[in-house]
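Colleague: Sequence:
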Amino acid sequence: MIWLPAVLWMAVIFTVSSIPDVGAMPGGFADSTLHGAEYLVLSALLVRAIARAEWRCVTWRTALAALAASTAYALTDEWHQSFVPGRASEWRDVVSDAAGSSVAAGGAWAWSIIRHFSRSRERRHGVHEPPPRA
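Residues in the sequence shown are numbered from 3 upward in steps of one, following the working numbering.
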């Protein structure tokens, strides 16, 4: 069940990629922004699944695996779009997808490191409670 959100999001990406001739992006968003955002979400969901929903277990290997899987899916998605009428396969889209994936994977790894050092400091120095109110 831990993989379900990532698999469902991949299905959403595939479904949206199957829509022929989407035309202009809604709300004036740049196509690259939407690509980056959809793969940011995918990468975050993959990090979560690979780390077994334990954010403290996110290592550089976890982040790299999520980034690699997201980028590989982006490549297959662009290939898939080359068969959809009115759609085109563009390398710029893969770059945007990989950029969004990098932000999520790198952010999750950075968050894990920050939490690790924060908790280590708390253990070394004890948890300080605020003084009682008078």
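Among the clues, some could well be false.
Derived Cβ-Cβ restraints for the label pairs, each shown as a range [as the list claims (entries may be wrong)]: (1) R94 <-> L6: 37 to 47 Å; (2) V14 <-> V97: 16 to 26 Å; (3) F85 <-> C59: 37 to 47 Å; (4) W62 <-> S20: 19 to 29 Å; (5) L6 <-> S84: 39 to 49 Å; (6) C59 <-> V9: 39 to 49 Å.
Calculated from the structure, these hints are not laboratory results.
Note that beta-carbon positions come from the ideal geometry of N, C-alpha and C, so glycine has one too.
Colleague: Decide, hint by hint, whether the structure agrees.
Modeller: Verification of the supplied hints:
no.: 1; hint: R94 <-> L6: 37 to 47 Å; verdict: 31 Å, violated
no.: 2; hint: V14 <-> V97: 16 to 26 Å; verdict: 21 Å, holds
no.: 3; hint: F85 <-> C59: 37 to 47 Å; verdict: 38 Å, holds
no.: 4; hint: W62 <-> S20: 19 to 29 Å; verdict: 34 Å, violated
no.: 5; hint: L6 <-> S84: 39 to 49 Å; verdict: 29 Å, violated
no.: 6; hint: C59 <-> V9: 39 to 49 Å; verdict: 20 Å, violated
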